[in-house]
Structures are given as C-alpha cells and as structure tokens.
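I would like the entire structure built from these sequences, with the hints used as guidance.
As given, the protein sequences belong to chains A and B, one line each in that order. Going by my numbering, the first sequence opens with residue 1, and the numbers climb by one from there. Going by my numbering, the second sequence opens with residue 1001, and the numbers climb by one from there.
These are calculated hints, taken from the structure and not from any lab test. Predicted model only: the values in this text are computed from it and were never measured. Backbone N, C-alpha and C define an ideal beta-carbon position, used for all residues, glycine too. Mixed in with the good hints, there may be bad ones.
[To be verified] Derived CB-CB ranges, DEER-like:
| hint | chain 1 | residue 1 | chain 2 | residue 2 | range |
| --- | --- | --- | --- | --- | --- |
| 1 | A | Gln13 | B | Ala1135 | 50 to 60 angstroms |
| 2 | B | Gln1266 | A | Phe141 | 18 to 28 angstroms |
| 3 | B | Glu1346 | A | Leu21 | 23 to 33 angstroms |
| 4 | A | Ser42 | B | Asp1058 | 41 to 51 angstroms |
| 5 | A | Val214 | B | Arg1009 | 26 to 36 angstroms |
| 6 | A | Asn241 | B | Met1375 | 20 to 30 angstroms |
| 7 | B | Asp1058 | A | Leu121 | 52 to 62 angstroms |
| 8 | B | Glu1392 | A | Leu338 | 38 to 48 angstroms |
| 9 | A | Val211 | B | Glu1383 | 52 to 62 angstroms |
[What the hints assert, rightly or not] With a cut-off of at most 25 angstroms between alpha-carbon atoms, the simulated SDA-like pairs for lysine to any residue come out as follows:
| hint | chain 1 | residue 1 | chain 2 | residue 2 |
| --- | --- | --- | --- | --- |
| 10 | B | Lys1059 | B | Glu1007 |
| 11 | A | Lys217 | B | Met1461 |
| 12 | B | Lys1372 | A | Thr219 |
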Amino acid sequence: MITITPRTSAGWQAQLAAYVLALLLGFSASALLITASGASVSEGFGALYEGAFGSWEAVLQSLVAATPLIFTGLATVIAFRAEIWSIGQEGQMFAGAMCGYWASLYLGGAPWLIAIPIIILAAMVGGGALGGLCGWLKTRFSVNEIISTVMLNYVVVYLLSYLLAGGPWTAEGSTSYHQTPVFAENFHLPLLVGSVKLHIGFPLALAAAAVCWVIIKKTPLGFEIRALGFNPTALRFKGVNVTRTVLIVMCLSGALSALAGVSEIFGVNYRLRGDVMAGLGFTGIIVGMIGGLNPIGAVIAALLFGALANGSLYMSVLSDIPPSLVPAMQGILLLFFLSASVLVRYSINIVRPVHV
Amino acid sequence: MPIPTIEARGLCKSFGPVRANHDISFSVHAGELLCLFGENGAGKSTLSACLTGLFPPDKGEIIYKGAPLKMSSAADAIRAGIGLVHQHFVLVPDFTVLENIVIGSERRLVVNYGEAEAKLRQICETYGIDIDPNALVRDLSVGEQQWAELLKALYFDADLLILDEPTATLDIENSKKLFRIIEKLKADDVALILISHFLDEVMQSDRVAVLRQGEVAGIRSTSETSPEELTRMMVGRDLEPKVRQASSVGPARLMLENVTVGQKGQKPELSNISLTIHQGEIFGIAGVAGNGQNPLMEVIAGVRVPASGRITLDGTEISGLNARVIKDMGLGHIPDDRFVEGLVPELSIEENLILGDHRGFYSRGGLLDFPKMRMSAERMIREYQISAPSAETPTGNLSGGNAQRVILAREKRLATRVLLANQPTRGLDVGVIEYIHTKLLEKRAEGVAVLIASSELEDLMNLCDRIGVLFQGRLMGIVEAGRTNLEEIGLLMAGQAMEEAA
Chain A
1 MITITPRTSA GWQAQLAAYV LALLLGFSAS ALLITASGAS VSEGFGALYE GAFGSWEAVL
61 QSLVAATPLI FTGLATVIAF RAEIWSIGQE GQMFAGAMCG YWASLYLGGA PWLIAIPIII
121 LAAMVGGGAL GGLCGWLKTR FSVNEIISTV MLNYVVVYLL SYLLAGGPWT AEGSTSYHQT
181 PVFAENFHLP LLVGSVKLHI GFPLALAAAA VCWVIIKKTP LGFEIRALGF NPTALRFKGV
241 NVTRTVLIVM CLSGALSALA GVSEIFGVNY RLRGDVMAGL GFTGIIVGMI GGLNPIGAVI
301 AALLFGALAN GSLYMSVLSD IPPSLVPAMQ GILLLFFLSA SVLVRYSINI VRPVHV
Chain B
1001 MPIPTIEARG LCKSFGPVRA NHDISFSVHA GELLCLFGEN GAGKSTLSAC LTGLFPPDKG
1061 EIIYKGAPLK MSSAADAIRA GIGLVHQHFV LVPDFTVLEN IVIGSERRLV VNYGEAEAKL
1121 RQICETYGID IDPNALVRDL SVGEQQWAEL LKALYFDADL LILDEPTATL DIENSKKLFR
1181 IIEKLKADDV ALILISHFLD EVMQSDRVAV LRQGEVAGIR STSETSPEEL TRMMVGRDLE
1241 PKVRQASSVG PARLMLENVT VGQKGQKPEL SNISLTIHQG EIFGIAGVAG NGQNPLMEVI
1301 AGVRVPASGR ITLDGTEISG LNARVIKDMG LGHIPDDRFV EGLVPELSIE ENLILGDHRG
1361 FYSRGGLLDF PKMRMSAERM IREYQISAPS AETPTGNLSG GNAQRVILAR EKRLATRVLL
1421 ANQPTRGLDV GVIEYIHTKL LEKRAEGVAV LIASSELEDL MNLCDRIGVL FQGRLMGIVE
1481 AGRTNLEEIG LLMAGQAMEE AA
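Shown next, in the form of structure tokens:
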C-alpha cells in the first residue's frame, strides 16, 4: 500500500536536488522521445545547447526569448496566487500589442523617449482592461474566469487576424502576409548598450518580477491576494472589499501579459503580426506553475524555457529532429517539475501491510 | 490478573515541532470502560489515531491481547478487531446505512446483502438501536448518523471499541441510550475507550486517564476520584472561582431598532429586532443555534446589510456601513465558525492577527510593517497563552482552543466600544472557556458593550447582565439574568413568547 503524508519541511538543498533531478529526468525522457523519432540524441542535444548557451550571442538571444515568458509567467503568478484561474494571458498579450500599435499610429515622429512610454502605457491599459473585464464578469455575474478568459482569447486573436487581413490595419497591397509594415525606428524598444539583440524589455521584466515579489510578500494588497486564495470568507468578515481585490488582481495580471506583447512586437519583430506571439501566453502558465507561483521562480523557469525555445531553433536547423518535439519536451519538463514539487511537499512511502 | 485487551507502552508521536503524544502508557481490560479525559489539543485524537492505525507512533509499542501489534492502516486495525467511532462522521451520504457498514467490513468480492442485513438487524435488536438499514444516510438526522457510525464498529464484532466524543451530537435522551449500549458491550467483554471532555460522562467510566499537553497526567479509578480532582489534573492547576463584580451599567451604547434581515420574498432570518446594550453590560443571546444568532451578529458587524431598521453605535447610525468602517469605530467580532469566518488557516498566527488591519494599524508607507507585526504577535502569543511553536505557525495547525485565542487576541484589541462574540466557547474545554469568560468580563469592566450568543445556558446565566432569547429569528423576550431561571429561558427557547416583554 502507498501512503502519502505531508512533509513538515524540506531543506533548500533537498528542494534544489529535487528540481535538478526533475530537469535531468525530463531531459532523459526527452532523449527517449528523440530516439523514438529516429534522430540522434547527441546531435539534437548538442544543437540545443549550441542554440541556448553556445555563444555569447546565443545567450543574449535566449534572454530575448525569455523576456515575454517572464511577463506572462508573472501574470500567472499574480492571478493563481489569489486562486483566480485566469487562462487569459494569451489574449491579454495580443490586446496589449494591439493597443500599443494603435497608440503608435497617433505618435507620428515623436522621439522614442516619449513614444515608447506611451506605447507601453497604452498596452498595459489594453491588457489590464481585458483582464479587468473578466474580473468584473466574475464578481458581478459569477462568470467562471476560466471560461471567460479562454473565450476572450479567441475573440482577441481573431480580431487581430481581421484587422490585419482586410480590416483597417491591412498593409497596402498585401493581404496575404497578415502583418503591418515595419515600424519607424522611434517605436523600436531601445537595445541595451553593446548588444545587437537584447532590448530594454528584459531589464523591465526583471524589474516587474521584483515589483511582483514586493507586492506579494510585503504589501497589504499582497496579503489580501494570498488570503483571498485561501479563504475569502474570513476577508469578507473583516470588511475587506473582495470584489475590488479580484478586479485589481485581474487588471494587474492583464497588464503584465500585455508587456509580453510589447516586448515581442516592439522589441523583436518591429511589426505587428500574430504568429510570433502565438503560444507565449499559454507557455506563461506553465512557466508560472514551474516557478512555484513565486515571481523569482517564474523568472528562473522563463529563462529555462527561453533557452529551450532558442535552442530548439538550432535543433531544427542543425539536426533531423522535428521542431514539434519541442513543445512535447516542454510538457515533459512540466510533468517532472510538478512531480518534484509534490515530492518536496509530501513524502510517499510504500508500506507493506502487516497481518495479525 | 488476565491479560489486558490493549496496552500502550510509551507511545510518542510528534508532528514536526509539535509533540502531540509523549510517553503514553495505559491498559484496558475486556469488559472495562476507560475514559481518556483532557482539554482540546491535549493529544486525545492523536492517541486514538495511533491506536487505530491511522498513523504509526514514532516510539513505543501497542500490545494487543498479549502480542505486539503493528498497524499501517485503518484496515489493519479493523482486521485485528479494533473499532473506532469517529467524532466526525465518515459516512457516504448517498449510500444506505447497510451499504455504508458493508463497504469497510466485507472483503469478499460479492457481498451477500441479505445476510448482511439480517446480521445488522440482529445487532440493532440486541442493542436497542432503532434505525432502518435501507435508509439513505443523507436522510438521517445527525443523531441517527451517530448510530450508523456506531453500528459500523459493532458490525464486525470488535474486541476493542474507541468512541471519540460520541455524545457531542446526541441529545440527553440519546446519550443515556448510548451508555446503556456501552453497559451491554461491557457485559459482552468488549474493552472500551471513551474520549470525552464532559465530566458527566467521564464519571460513568471505570477508570480515567487524564491527558495534559500530550502526556498522561494520571490514571484514577473513577470510584476513587472526584470531578474536582480530574479537572485539576486536566488543567494542571486550580480553577479560579468565578467572581462577578457588581455591574456598573452606563448609558446606551448599541441600539437596534426594528432590524430585519433576509432576502426579499423569503421568510426573514431575523425579524423586527429591537434591543439596547449599555456601556459595561454583557447581553446574552440564548437559543438553539440557527435561530438567527448569525444574522444578528453579522448585521451589527456590517458583514450583512439589514433589509430594514436602524442600528446605532453611541448615537451614530452604523446600519449598512462597511464592516471595515464599523470595525474602525471600535467593534470587535468573534464569528461563529473559527476556521472559516475567523481565520485563514493556511496563513500564520502573525498574519491572522493583522487580518482586517493590514491596511491600517499594521502598514507603514504602503508596506506591511513587519517589525511591528512580529512584536505585537509575540506579545499576544504570550499574553493570551497561545501554545504554538512560533508566530509563523499556520493557524490551521492549532487546536480549537488556541485558534480561538488568536481570534480573541485580534478582536479584543479592536473592541474599544462593542464586542460581539458568537458561540465563543463552543467545543472548547473548561480551561479555555474560563479564560474567554475572564476576557469578556475585562471588556465589560472597561465599559464595552458585550453581546454574546451561546447555547450554553449556564454560562450565559453566570456571565450576562441580561439575556434575550431568539427563536426563529424573533426575539421572544428579554430577562434579567439575576431574576430568572433555566426553566423560564428554556420555555422561551422552545418558542413560547413572554406575556410581557421586559
């Protein structure tokens, strides 16, 4: 018989060991998958490493890939901590990118020092409003947030398709590319000094993680968010406006997701198109979960997933491994990480029944 | 001397830093009723869990019918012939009584229900239990569910029966019946362990083992001890005799005028309540739980909004105001359900102590004031004698009494004008009850208006200046505590209105 009992506490060494082991086992399982697909494991992992950390440039590229995942991961952390199961990171990211682009249409030749903050602000308002809408539906009409956020994801993603392919944002003379023309340079997120790739979105994401950490751990709002996740009734009995807390959480989560859209569109692609963002919101959910719903953990998980995404590009170019194996590897890693987090909190014993 | 049915030798069980059982030894013989007596959190439930295989002891051994017994699950205990009657029912509501009993006991692939039913009816007849084996459990009253729970243990012919606070849900008549059944079981040479903190029941056992802070404080033959000695052993000191200062009732403080609570179009949960509580007065609400106590407390505290009527605090209207605003005016509220309405069980003692004041008293410059939180938590843990490893212990790990002390500590600081206490002593033992009463009397001496709802009539009689009786949301009458008796209040509780309201 198997018994599962809560552990009183596991030291940080044991926790670290558990997660390192999960990583190793995850890669071992992925290796089996690669073998099954008929490709060479050493070649595949070699290419993966090359793309993720193989050169200074690869490292920077990995950080760029990690940036939007940090934002959507943080969006997950804030919402899930309050036990609000928002799956709307994807749509909110799209909404953020679209609102940022919309604002840029009115900014003409404004210097970047003025244009960029306005674009960022507009994006956050857009994403925040979309998140807030789901929060309002939840508090006012008891609409389950999982349903509303998932459905609105579709609405927003298809809205962008319409706008770019036949709608008002369609590029002159081409409806087939589903993208806007390249932005003027004053709308590009500035690159970090001495870099050709890494834009200010990355330090912004780290700052956002620090802010989220402070909010959750150190502020009265964060206290309410944690307490809300566990027991909203006790909060209501002490006169805490639970409705307001839910709305704030959803707006914050939406605004964070929106920044993922800004960093991908204005920091990397310099034109608005949907396909480059697709999936970054959903991956953010995995990132937040692997990060143990902790802002710092989410940053670490996002860095891992950024490296994986970038490495997989190399893998698909340099080896015969089908690129569709990468999401499978992400899924496998998630399973192992979640198993490790269970092992950290519970001890599982196999007990032989004793007969009298 | 024959071999005891069960003997515990030096049982120890800890949960992290919490030492729930330490070096516990005792024995029970066939045909004997041993009572485990102790406060909440003294380790009674942990001990019964060790004896029934729910978790193995860290140290020590259990000798069962002369041989060491190691159990790794409840199934092992059942197989050995040890039955446990749970304090909280472990029944499947959508199954019949018979099905519930058969699930745990039969290990054959195909159950012969006819045979099982015949056996169950036989048992019911032997022990005089009147229950339909084919009734669905969810259609049973709470008392009947207790019988079903007991039948589960009787069905497989247990040699040792552990009863965990079985009378908590039974009325007096059924409690007597339970003890008649216990007598029959004793005559059939079953060994029984009764876990209780009711002295009346304890005195009906053969021997009493008193537990205090996880250790055996002493074992006595019931015929050679007294309730006073047992209480002293349980608490570890003498109880102070209750001294009631003469009341010095001041001007009106909290006034309710024709307050009604309820949804439109439905029977009101509280109808047309008018009452006045003065400075330095304790006003008691008697009544069977569920007759409007919760809506009354919640509407005063601002958790709910009255449908009509007016509530004033020192002349200022507070009806319809937000609970936070009312709290800031000097109102403390000890709610009915500790772990749902009063605490966030997953958060620490320290964090629960700031609940509601996390944006005011305990914040500085937009951040939580951690040094202040820690200082005040440690002071309150000392002052209110909350026994916990540290201020960071989750409140969900605390016993009922310690959890209530946390709520009391938080609310007493807030209650500068009014303190509401809804069933503040329910399920707690004498030591904590006495402590809570002392704190309520302290508030009264400070001139606070105290409103307490309790189903313990004698406590209300000892504590209150006046008592109002709620029945189906209506105030049946108000009596002076000094000029009434239990019979008068009992009649009001049963719904008989007073001829003339006081």
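Okay, the hints, checked on the actual structure:
The hinted range of 50 to 60 angstroms is satisfied by glutamine 13 of chain A and alanine 1135 of chain B, whose Cβ atoms lie roughly 56 angstroms apart. For the pair glutamine 1266 of chain B and phenylalanine 141 of chain A, the supplied restraint of 18 to 28 angstroms holds, since their beta-carbon distance comes to about 22 angstroms. Under the hint 23 to 33 angstroms, the C-beta atoms of glutamate 1346 of chain B and leucine 21 of chain A, about 28 angstroms apart, fit the expected range. In this structure, serine 42 of chain A and aspartate 1058 of chain B meet the distance hint of 41 to 51 angstroms, their C-beta atoms being roughly 49 angstroms apart.
Evaluation of the 26 to 36 angstroms hint for valine 214 of chain A and arginine 1009 of chain B yields a failure: the beta carbon distance comes to about 54 angstroms. The hinted range of 20 to 30 angstroms is satisfied by asparagine 241 of chain A and methionine 1375 of chain B, whose Cβ atoms lie roughly 28 angstroms apart. At roughly 59 angstroms, the beta carbons of aspartate 1058 of chain B and leucine 121 of chain A sit within the given window of 52 to 62 angstroms. Checking the proposed 38 to 48 angstroms range against glutamate 1392 of chain B and leucine 338 of chain A shows it is violated: the Cβ atoms sit about 26 angstroms from each other.
Between valine 211 of chain A and glutamate 1383 of chain B the beta carbons are some 37 angstroms apart, a value that contradicts the proposed interval 52 to 62 angstroms. Between lysine 1059 of chain B and glutamate 1007 of chain B the CA atoms are separated by roughly 14 angstroms; this keeps the pair inside 25 angstroms, and the hint holds. Between lysine 217 of chain A and methionine 1461 of chain B the CA atoms are separated by roughly 47 angstroms; this puts the pair beyond 25 angstroms, and the hint is violated. This hinted pair checks out: lysine 1372 of chain B and threonine 219 of chain A have alpha carbons roughly 14 angstroms apart, not beyond 25 angstroms.
Violated hints, in rising order: 5, 8, 9, 11; the structure is consistent with all others.
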